[in-house]
Amino acid sequence: MWEELSSEQSLETDFPGLVGTRYERASPISFNCNCFGFAIGRNEWWESGVNWPNGVPDDTVEGWVTVLRQQGYSTCDDGMLTDAFEKVAVYSQGIEATHVAHQLKTGQWESKLGWGIDIKHETLEALEGENYGNVTVFLQRLRAERSQ
Amino acid sequence: MELLLERPYVPLDEGLWTKCGISSAKFYLSEWREMLDLLCDTDLVYSYFAHGASMRSATARKACLRQWLIAAARSHQASSDTPQPENEVAQRFDRYMNQWRRETWFMSSVKKRTANLNYLLIISLGKSAIPFILTDLKQRGDHWFLALRVLAEEDPSNGSEDFNWQREAWLTWGARKGYI
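Those protein sequences? They're chains E and F, same order as listed. Following our numbering, the residues of the first sequence are numbered contiguously, the last one being 148. Following our numbering, the residues of the second sequence are numbered contiguously, the last one being 180.
Derived from the structure by calculation, the hints contain no laboratory data. Keep in mind that a hint or two might mislead.
Unchecked claim - DEER-style ranges, computed between Cβ atoms: (1) E:Val-56 x F:Asp-155: 22 to 30 Å; (2) F:Arg-176 x E:Leu-81: 49 to 57 Å; (3) F:Arg-176 x E:Thr-82: 52 to 60 Å; (4) F:Thr-172 x E:Arg-42: 25 to 33 Å.
We treat Cβ as the ideally placed atom computed from N, Cα and C, and that holds for glycine.
Generate coordinates for the entire structure from the input sequences, incorporating the hints supplied.
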């Protein structure tokens, strides 16, 4: 089932923006980590009750930005590649945060897709759509601050 | 269109109603038409509508929905504990599980994943679902821990949030109880 869900066909069904773009599976399925932990370089699950600060909503853009700030990020204007900073892009549907991707030194983006696999994708638009909404916030921090 | 519904019976303490300031149930049919179309379990629908749909913020509504689906599933579970033919349970379990995964595999929130209707329908299968859940947990893994806690009414992982730890704890528990 998981293999089926993470097949190219299924990925492109759930994320039609991937069709015609360059993307690749980066690592096997992992249940111990979600997109948030993955994006900030911590191989852990981050959600209310697990690695999440008390009193901060875990399903809003505002809440995600608050926690990302606590992890050393600050908001920035765009996802342009720079040498000094690593960037993350938060996807949302309205005020509800749905996903966060992080930028690699190559300029590619890397995303842990829920419980499934993680993929490298050329564009942020590739994951925009019905499931994740759109990228609405960019944040950055010095690359040295990434712990893994 | 606003409808008023009778408050349904669900096995939760009375304080929850007071806490949410609900004395009678209101909801806007248009807002939930899609859900009505999706759900076939009337009691489940009414339980949620009666409680969560009148809450103001989407976040609060979702939290309520989750709570009520679990409560309704528990209620349903009581009547589902009557032994069902194993192959029928197996078929329903597979159908709900596959649909659950298709609809939620990309989500990064356990809360959202376990609030999915199909997950609650698995819980509604009652204790007869436990062997199937444990088998899937052993073979493939997934966030079955909430369902197991609801169905077993205990938590052998002692509240751990580590996936591997929980999996091992539940599989050990299942073997000890003779489920697998």
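Consistency of the hints with the structure:
1. E:Val-56 x F:Asp-155: 22 to 30 Å: This hint holds: roughly 25 Å between Cβ atoms.
2. F:Arg-176 x E:Leu-81: 49 to 57 Å: holds (54 Å)
3. F:Arg-176 x E:Thr-82: 52 to 60 Å: holds (55 Å)
4. F:Thr-172 x E:Arg-42: 25 to 33 Å: At 28 Å between Cβs, range holds.
Violated hints for the displayed structure: none, as all numbered hints are satisfied.
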